Each structure stands twice: as structure tokens, then as C-alpha cells.
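Q: Listed below are the residues making up each chain.
Number of protein chains: 2
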Amino acid sequence: QTPHRDRPPAYGQVTTGPIEGSHKIWSSPPDRSDIRVPFREIPLDPSANEPPVRVYDTSGPYTDPTVQIDVEHGLPSVRSSWLAKRGFSQVADVRAVKPEDNGFAGEKQLVASCPAPHEVLSGGKAKLVTQYEFARAGIITEEMIYVAHRENLGRAEMVEGAQARRADGEDFGAEIPAFITPEFVRSEIAAGRAIIPANINHPELEPVIIGRNFLVKINANIGNSAVTSSAAEEVEKLVWSIRWGADTVMDLSTGRNIHNIRDWILRNSPVPIGTVPLYQALEKVGGVAEKLTWGIFRDTLIEQAEQGVDYFTIHAGVRLQHVPLTAHRTTGIVSRGGSIMAAWCLHHHRESFLYEHFEEICDIMRTYDISFSLGDGLRPGSIADANDAAQFAELETLGELTKVAWAKGCQVMIEGPGHVPMHKIKINMTKQLSECGEAPFYTLGPLTTDIAPGYDHITSGIGAAMIGWYGCAMLCYVTPKEHLGLPDRSDVKVGVITYKIAAHAADLAKGHPAAQIRDDAISRARFEFRWQDQFNLALDPDTARSFHDETLPKEAHKTA
Amino acid sequence: QTPHRDRPPAYGQVTTGPIEGSHKIWSSPPDRSDIRVPFREIPLDPSANEPPVRVYDTSGPYTDPTVQIDVEHGLPSVRSSWLAKRGFSQVADVRAVKPEDNGFAGEKQLVASCPAPHEVLSGGKAKLVTQYEFARAGIITEEMIYVAHRENLGRAEMVEGAQARRADGEDFGAEIPAFITPEFVRSEIAAGRAIIPANINHPELEPVIIGRNFLVKINANIGNSAVTSSAAEEVEKLVWSIRWGADTVMDLSTGRNIHNIRDWILRNSPVPIGTVPLYQALEKVGGVAEKLTWGIFRDTLIEQAEQGVDYFTIHAGVRLQHVPLTAHRTTGIVSRGGSIMAAWCLHHHRESFLYEHFEEICDIMRTYDISFSLGDGLRPGSIADANDAAQFAELETLGELTKVAWAKGCQVMIEGPGHVPMHKIKINMTKQLSECGEAPFYTLGPLTTDIAPGYDHITSGIGAAMIGWYGCAMLCYVTPKEHLGLPDRSDVKVGVITYKIAAHAADLAKGHPAAQIRDDAISRARFEFRWQDQFNLALDPDTARSFHDETLPKEAHKTA
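Protein chains in written order, with this note's numbering: chain E, -11 to 548; chain V, -11 to 548.
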């Protein structure tokens, strides 16, 4: 009877419909009915005599049965009216799509471009463009009001106990308030401690804030298939990731059709989309790193900026002088971006063009309010290489670049490792905070041991929970296929749920005032044998229900 | 070509044969060819130019192709010649099996008793019986020599770098030596900081040491099926758990046939077997807690002692005065043993018979060298109840009982929670060490959030890794079916592998001198694209290989 949503949707479709046992609601901040913030509400059995449990919801309009989903039309606009008032200009000479943007895909292989309408804006002539600039100018944007309401969840009703819950946690110097106000959001962004990745060309976005004084966020990576049968198939990867809780999604596609697929993804994405523009630039020069030029890279930034990408990974911290530091490593340079830039630097024996042109990169990214995700190209790929000279030298450079980007008005977060044993995790967080002026940290795992390929969602989930507790703002997921192959639908779900566990465990440990509401509700349900409530309150109701039904299939057992 | 060992064995059989890509070896300590310690060696590709990697091996003779396995004969004896010299007497009047021992199983339902020969010993008249007594007397037993050799793995060859590796770790006051000597083992046991659970009636045992200055151990729980089709089916649960790395196994069977099934398990177990005698005692009184008596409980202890159970969970810390402390909990008393004893205390309104007869329990357990696992009957069942007054009051009682048991010559470890958010884990470890005189801690998880039924191996794996790092000596696994149903074969494997990850991550973080050898070997294999080596060095070679083959099935890709 329950639709088993782990089955892929029909051809040309994406997964829609409520998450089992819950419904979508939209809620507006006081006096701002123009701002509609999504939540999910889980009603409980009447015997519980408790209000529904409200949870954070990343799933977008896809879980709202009242919204007609058609990937060819794209999602409804959330931000257009806000953006319209900011003095941005419509770009008349939008960059034309070139054959190399889609990897020279032939007529038969070419995925058509997304027909959803898309007006390209530029903030070039506006005085204030980025959320950072608005925040520094003391201006609270609609995005700030939106995320404040979103972060509070049900906290309006429980401010009373909030201080006690805060005091009960251990937050390692974070300053989570009992209640999030728009002004608090503004002040955190102005201080560089938080970002709202929100390209002005991504009006479909439901804004999300990333910073250590907010709920810990998670990212899921997706990429195109070698053979794409339909654009919906690629959009579905996004929809599936956000259905289970991905706060942002990185599109790491390579090869053919990546420009057009990116278009489909952006027009249908309620979450911030990140990319690594270097990957596409490399495709344009036939995969030969030394052929990369600043001109090709710059053109790729404009291409993706106009499409609406919300954050770019920029590996500008891999400097020529750092490369020799990796010579005696066990696993060398494992970051793809890091390898590309190291190869380029060594071949030309000159400083990285990303480092040399960093200010111009800032100018471009500021024009569209694309956030920096300063890449850790020298992250350790093994326990043996954790916290070595190469890794920390790059981190210091990232700290230097953070200040440049801020001076240019940009939003910035910093990428982090990688493979790190438990006892070496905390210093990563401490050092990142001090080197990078408290800019949000965004880490991959870290994996706490190298010996469990096939289970690296778990080896890394341990490290992710810990670094999230210590202050990491966003955790990039790792799936069971890490090191072995490409994740399928099931791997993506397991990766996302594992990272939701890590992020939530971190929120609990930090003493986030609203985090424990859901734990308490599910624990009461468990104690009272309200099985349906226990399933519905779970991060993955479908799996909880099916595991239970395997051994105790009778309906009667679920309410007894 | 690779046998897919996740398939259950044929009727009447158990899983045998080497773990893919490795072979069993037996190694003797210097001058002690009578002591044969098992390891597993993983040979590497000749291109690596590296010696085989030696790893700890819990799998028993089942992975040795030279041993003929027949569950009706039981395993070869490891300890008989050692035990023969200790002056123990053969029990003439062995306790006769009673109908209630097997839950009054009728003729048709009765699983036959195991025909393997079993001589029952009693240490009652010997001056020294337990490993603790020998250690205190300054005597090094064969078991101590065995575990010293076992713990060292390949460390003989790398003592040189050991101090540096130790210094690189963070062990929170543990004192892991660069090299484990039998004398060090003796001194740790004498101090109560470590135990070797080893009933004198379990000669098939391959001794294992549990203590925070040794490798972190894991336990898997098994239990009988409602309908047992063959005794081998029950033995297979043990075999399957130890194949993937369980260091000890608890038999939590209930209902029919439990006496006879326990016999089959013990005669075929190379690892220590733990039980909760209270469960069987309750069966004998028809499941009605208040009908329990000291006499029935005492008789059950003798019954299981003579069979050879290596450690007993004894819930003697649940005192009458503690029960009211749980009144306002979110999830009350979730431990089965705790609930039974609380019900008994409340019904009779008197002190627990386990607490009142604790010295007699010690005398019985000392007679056979059964180790105490002092149960945490009041462990928290939810984040809300973590570290509350009830939990810590019980822990203080356990500390008091530890000293009583030591004075009686018994080996002791202490069970711990449960559900605990990350920031409240460390105090559990610190308090356990101080209250219980550094007796080994043995925890269930802890689960770091309540909201992910279906994934509680992960919510708890996070907590397990952390508490293992802080000093917990053994981690009791949790499977994906926790809270939902009974684990199947696949769940058991996932639970064991998850806990091997947690234990190994802890060993790395503590700076265990030999732990990183395997990480380094797999990382070099990864860097050099030696795929077969990477699979074979993995905790689960079969899964790593099959995940890889799903996306890149060609043989060529694995050596390229």
C-alpha cells in the first residue's frame, strides 16, 4: 500500500509526493506574507496528545501535492520580486552557448537545453550585490529574513527552555542564540561567519544559511551518467538527494552535455547548486591540464554565473611552492582540482593562474553573488598524510584569500579534508577558524580510517559528526561507493541519511535549542509503542517501516 | 568465480574457508611451540614489493582449510593441557539437565544436545582459579602469554617507530606500551584494568584480552530463532559473527531449547561467550518476574557455568532505591534485565536478590573463572535520559560491587550506555574509570541520536568510536534492525563491520603502535591502483570487490 519510493520514477518524471507520514507546510515570518518558508509537519497519533512535529525541509516543491511539477517549466520563482528591487540590470548580450560547453556533443547525443524561461541579471552596476555587502551595509535582505524563520523551526514555542538547552551543550566557542532573528543572520554574514549562497540568477532558490551558529548543513554530490536517457533522469538525482535532506548539491558532471544538464538542474533546484568550474574548463581543452588558460577559465565562470550556479569551488590555494610539499606523501594529491592545478603549475613552472587572477575571480563572483568555496586541493587522501605540511600550507593560503574575497564583497566558505584520524580532527577546525577569520568550514567527512572501502559513509560519518560538533558548518557526504565506483540511487540515499545523522548528532551536542525536539518525540513514541509515529518521525520512514515489517508484518503489531 | 559468502551455508553446515584474499597462519611465542596463536595474512601484489600484512583474527579454525569442521565434534581443544596442570577437579555430580532448562520443549521440538565430549571442571578446591588470582599471585598463565602474542600482531618488526606512534596519538591517560609482554598482561589483569574471560569449562577458547591498554574489542549479540531447523543454523550465527571480527559473542537466546543450543555454541566457539543468566531464570518461572528466586537464579548460574559460559551479565546494580529515580524518564527502563529486576524489587518491595547475594554469586563465578559483566540495567534509552541520576546512581553501585568481586578473586568488566549525545559521552568514560577502579568498560554504542531507526548501527557507531578512543575496552555492536526487529545475516555483518570500523578508528586515535600498518598498506595500494590489494586489505573484501565490479566490471580495470 505504501508506495515504495526507492523505485525510480517513470521515464521523463521525477519523484514527487509527500515523504511518508508527513505533509508540507509553508509558513511566513510575522508581517511578511510575501515570504513563504517550507517545513514538513509530522502529525502524531491522537493518543499521544501532542502537536505535530515540525522539521526542516530541503525537499522543495516536489513534496507539495498542490504544486504541479514539470521539469520543462522549472520551479516557481521564490526570489524574483526581491531581486527586482535591487537595481540589477538585465544582461542584453548573454554569453552564447558554444559547442565546447557541451563537450562537443553531436546532434544525436545532445540533450536539449531546458525550455524554462531564464532572464540573466548582472549586479555589475548596483552598489550592493552580495549578501555580504548588504550585511556590511546594515541592510537585512529577504534572504536573511527567510533563513532566520527557517532556522527557528518550532522554536517560537520553546524559547523558554532554550537557554537551558544551550547551556547543556558544548559548542566550542560557537554562539548559537536562543532564537534566530534576521538581525542576527545579518550580523553573522557581515562578520563573514555565515553565508547564504544565492546567485542572483537563481531565483528558484529557497535560501539556506551556512555557518557554525546555525544548524549544521550537508551537501550531496551528483554527476551525469555516461549515457543520459532524459534530462529528467539528471534532475531526478537532485530531487532524490534533497528529498532525503541534502541542503546543497554539487553538480560534478563531466563530458558531454554538461552545460545543458546544468541548466535543467538549476531551473529545477530549490537548493544552492555548487560546481567546480575547473572541471568544465579542463573539458574544453581536451582534458590536458597544461593547456588551461586564464581566458578559458574566465569564460567558464561567466558561462556558469549566468546560468545561476550559487557557489564555485576555486582551488586557488594550490600554489607552485606547495607542490613539493606533497612529494613524500603516501597518497600524493587526491583532489581532482588539486591534481589539475599542480600539474599546470609544474608544467609551466609558474604560479597558479587561479592565485594570480584571484581578484578578477572575486570581481566576477561578486557581480552575481556567487559564493566562494575555497577548495582544498591538497587535502590528505590517507590517514598517513593527515595534517601534513602541504595541507596546512594550503589552509594558510586559503586564509589569505578569504580576506581578499571579503574585501571584494564576496561570500566565502572553506573546504576541508579528507582522511583524518579522530584525534587529529579538532586541530583542523581550530586552525581553520583562526587562519580563515571564522569563515564557514565545509569538509568532506573526514574519514577516520582507510581500511573500510564499501563502508566509507560510516568511516566518514564518524568524523563528520565530530567536526560538525567542533564547529564545521557543512558536511559533504560520502557514499558507500567512495573509492570504488559511482553511487547509485540507493547509495545516494544512504549517504544523505548518514550525513543527516552526523549533522543532527552535532546539533544535539552543540546544544542547538530546537534539535532535541525530534529525538524526544520519537523516544516518547518508542516508549509508548506508537510504531507509526516512530516510523514517521524517523529520518527514513520507509526503511524503518520495512525493516519492522520484515520480522513483524502484522498491522496489529504497529499500534500495540 | 569468487564464492559469494553472504549466501547461507547448506543445511547442517556452517561457513568455512578463508576470508577472500588472505590465509590463516598460526604463530607461537618464543620457546612456546605449545601455544599457537591465530592470525590472518594478506599477501600483496609482487609489484608492491611489500611483505604480507598480518591482521588480528577472531574467526577460529573455521577459516583454516586444514581443519575439518564438524559441529557435532566441536572445536579442537586449545586450553586442556594448560588447565590440566592447575589442580582443578573433575565434577562427578554434574548438574543434570532439567526440562525447564530447554523451556519444556516437547520431544518433537527438542534440539538434541551436542554430542561433542565435555568434561566438567571445578576450581573449588584449587588455591588459584581465576586469571585475576594468578595475576595477583605474580603468575603468568598460558592465556596471558597467548594474548600478549596476539595483541602484538606484526609489532615485533616495528618496535622502532612505536614510541613515536604512541606519542602521536591521544590516549586520555591510557598506558599502551610499545610492545606487549606477558608480564604487562599479568600486571594489567592484577590491577583489574583488563580481563581474559575464560571459563575453565571452555577449553575450545582462543583467549582474548579486554582492557583499555589493548586493542579495542567488539561484541556481537546472537539469539535463537523461534523455529530452529538445525543446531548448525544456530552455530552459524556465531561463526558468521566471528568471521567478520566479533571478539566475543553474547548468546541472548530465550524460549525453547536454550540449554541445548548453548551447548552447541560453546563446543563450537573459539571466542568468549557471554550470557544474561537472568533471561533463562525468568523462562523457568514462566516469564513472571516476581516469581524469580535466588534458588532458581543460583541453579541457572551453575547450569551455565558447567557448560562453559565465559562471562555473565549480572544486573546487581539495580537496587530498590534506584527505581524511583527513573519515574520521570522519557523512556523509563529499557534494559530487559533492568526491567525484570525493577519489577521484582517493586513487587516485593525489597532489595534485589542479586545485590543481596552478590558475594555468593562471586563465589560461584570464581569457581569456574567466569568474568563479571556488571549490567547497566538503568542505562538511558533516549537522548533525553542520558547521564541522569538513575544511570549514575547505578554506576556508583557497580563501582562498589567491582571491589567486592575483586576481593573474591573474580575478573570484572562494567557495562555502559546506551543513548548519549556526543558531548555527554566523555563524562561516562571518566566517571566509569574513577567509580570502578579502572575496570574495563563495555558499552552498547552509545547512540548519538534517537531519530534514525533503520540506521542505528551508524548513530551508535559514531558514539562507539568516540568512547573507544576515550578508553572503552569493548564495544557491543548495534545492527540496522535495532528498535525495529530481529537482525538477519546481512544485518549482523553490517553491524560487525561498523563496529570494527569504530574500534579501529579508536585504536588509531589512541596511537596504538600497530594500528596504522593496515591503513598505510591499503592507502599505498589505492595510490598505486593495486585494486586487488585494496579489496583484500579491506575489512570486507567481498563487498569492496562487488561494489567496484558493479560499475567497472572488467578484470583489466582492477590491475590498471
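Just so you know, these hints were derived from the structure itself, not from any lab.
You may find that some hints are simply not true.
[Stated by the list, open to error] Here are the simulated lysine to any residue pairs, SDA-like style, with alpha carbons at most 20 Å apart: (1) E/Lys414 to V/Lys414; (2) V/Lys414 to E/Val392; (3) E/Lys414 to V/Val392; (4) V/Lys391 to V/Asp376; (5) V/Lys12 to V/Gly75; (6) V/Lys113 to V/Lys86; (7) E/Lys419 to V/Glu158; (8) E/Lys414 to V/Lys113; (9) V/Lys419 to E/Asp156; (10) V/Lys419 to V/Glu384; (11) E/Lys414 to V/Lys12; (12) V/Lys86 to V/Gly75; (13) E/Lys414 to V/Lys419; (14) V/Lys414 to E/Lys419; (15) E/Lys414 to V/Ile415; (16) V/Lys86 to V/Glu107; (17) E/Lys414 to V/Glu158; (18) E/Lys419 to V/Asp156; (19) V/Lys113 to V/Asp52; (20) E/Lys414 to V/Ile284; (21) E/Lys414 to V/Lys86; (22) V/Lys414 to E/Gly161; (23) E/Lys414 to V/Ala381; (24) V/Lys115 to V/Asp351.
[To be verified] Simulated restraints on C-beta separations: (25) V/Glu344 to E/Thr169: 27 to 37 Å; (26) V/Ile13 to E/Asp376: 55 to 65 Å; (27) V/Ser217 to E/Arg477: 34 to 44 Å.
For clarity, every value in this text was computed on a predicted model and none was experimentally measured.
Think of the CB as a built atom: it goes at the ideal place given N, C-alpha and C, for glycine as much as any other residue.
Q: Holds or violated: V/Lys12 with V/Gly75, Cα cutoff 20 Å?
A: Violated - the C-alpha atoms of V/Gly75 and V/Lys12 are around 34 Å apart, more than 20 Å.
Q: Hinted pair, alpha-carbon criterion (20 Å max): V/Lys391, V/Asp376. Please report holds or violated.
A: Measuring from Cα to Cα gives roughly 24 Å; hence the hint is violated.
Q: Quickly compare the C-alpha distance for V/Lys414 and E/Val392 to 20 Å and report which way the hint goes.
A: violated (40 Å)
Q: When you check the alpha-carbon spacing of V/Lys414 and E/Gly161, does it fall within 20 Å?
A: holds (18 Å)
Q: What's the verdict on E/Lys414 and V/Lys414, does the C-alpha distance respect the 20 Å limit or exceed it?
A: With Cα atoms ~15 Å apart, E/Lys414 and V/Lys414 stay inside 20 Å; holds.
Q: Do the alpha carbons of E/Lys414 and V/Val392 lie within 20 Å of each other, as the hint requires?
A: violated (40 Å)
Q: Keeping to a limit of 20 Å between CA atoms, is the pair of V/Lys419 and E/Asp156 held or broken?
A: holds (18 Å)
Q: Is it true that V/Glu344 and E/Thr169 lie within 27 to 37 Å of each other by Cβ?
A: Check failed, 59 Å falls outside 27 to 37 Å.
Q: Given the proposed pairing of V/Lys419 with V/Glu384, does the C-alpha separation stay at or below 20 Å?
A: OK: V/Lys419 and V/Glu384 at ~9 Å, within 20 Å.
Q: Can you tell me whether the CB distance of V/Ser217 to E/Arg477 sits inside 34 to 44 Å?
A: Distance hint for V/Ser217, E/Arg477 holds at roughly 36 Å.
Q: Given the hinted pair V/Lys414 and E/Lys419, is their alpha-carbon gap at most 20 Å?
A: violated (23 Å)
Q: Take a quick look at whether V/Lys113 and V/Lys86 sit within 20 Å of each other, Cα to Cα.
A: Roughly 27 Å separates the two Cα atoms, so the pair is violated.
Hint compliance for this structure: hints 2, 3, 4, 5, 6, 8, 11, 12, 13, 14, 19, 20, 21, 23, 25 and 26 are broken, all remaining hints hold.
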